[in-house]
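**Q** Each chain is listed here by its residues.
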Amino acid sequence: MFFIITALAAIIATIIWYVNAPEDKYKLNLLCFIFWGATLMWFVDHVMAFLTEGGEFFELTLDATMLGVVVVLFGLIIWLIALLISDPKKVFHKLSKN
Amino acid sequence: MACFLVPMGEAIVTTVIKKVVEKNEKEAGVKEASQTRVSWSRKLSWLNRLLWGGVLLLALEHIWHGEVVLWPPFLTAMNNPADIGPMLHEVATIGTGMAVFVTIVWLIMISIADQKAKAIQPAVKAEADA
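Chains P and Z, in that order, give the protein sequences. Sequential numbering of the first sequence, starting at 1, is according to the working numbering. Sequential numbering of the second sequence, starting at 1, is according to the working numbering.
Just chain P, with the same shape it has in the complex (with noise of 0.2 Å):
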């Protein structure tokens, strides 16, 4: 599941993305980035998973969902951290000449 939500948030930052281009105030590059690194690289585990041991490809329980959150949540704060240290609407700057 929590490759699923991971996938889902990459697809739904890039549309963001997409629609602001080629502005990119935000970052948005780097939250798509974010969730297109982690989608691919669990795709590769689930299919050699499914290849290797077999079973369900979707892992859907409450434990991988609440992970899928917790993931995509953690990928917000990453890209959050990276956009308040670059800050391009330049909100410290002005804010520490008040």
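Since the hints were derived computationally from the structure, they do not count as laboratory data. Treat the hints loosely; a few may be bogus.
Stated by the list, open to error - Lysine to any residue pairs mimicking SDA-like chemistry, simulated, CA-CA at most 25 Å apart: (1) 89/P - 45/Z; (2) 125/Z - 111/Z; (3) 27/P - 8/Z; (4) 23/Z - 46/Z; (5) 43/Z - 107/Z; (6) 43/Z - 19/P; (7) 27/P - 25/Z; (8) 27/P - 21/Z; (9) 118/Z - 20/P; (10) 25/P - 40/Z; (11) 27/P - 82/P; (12) 118/Z - 21/P; (13) 118/Z - 19/P; (14) 118/Z - 24/P; (15) 25/P - 26/Z; (16) 18/Z - 24/P; (17) 43/Z - 118/Z; (18) 43/Z - 15/P; (19) 27/P - 110/Z; (20) 25/P - 46/Z; (21) 27/P - 112/Z; (22) 43/Z - 123/Z; (23) 25/P - 25/Z; (24) 18/Z - 85/P; (25) 26/Z - 29/P; (26) 43/Z - 29/P; (27) 90/P - 42/Z; (28) 116/Z - 24/P; (29) 94/P - 77/P; (30) 27/P - 105/Z; (31) 23/Z - 86/P; (32) 43/Z - 80/P; (33) 19/Z - 82/P; (34) 27/P - 117/Z; (35) 19/Z - 28/P; (36) 18/Z - 104/Z; (37) 18/Z - 112/Z; (38) 27/P - 15/Z.
Let chain P serve as the given structure and place chain Z on it in line with the hints.
**A** Just chain Z now, with coordinates in the frame of chain P:
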């Protein structure tokens, strides 16, 4: 168990390469964002972001499943000698597969970006000449 270690290793190497390429491009006066070509430092930054993003989220997943802890020896499989062999096998197979797959996707991405940049080159030249 620790499959994300291989993409992490690749990410460390590509981050160093990107820094070197960026420095060389700055010295050569190559613009990072040009309408007709994508610089190598920019292309490498895409790969770095894919790898580091994936590594960080996978590390969280491993912590969630209790396979990685924040204190030595960090990998719980290291506590049991019987688990070390399967862990190394997983790193060699799934970890390498992840790193190779992400790199292949990135190679496809940069070839598409190069083709798109080449396609608009005549239009940009004509605009500049006008």
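**Q** Which hint numbers does the structure go against, in order from smallest to largest?
**A** Every hint satisfied by this model.
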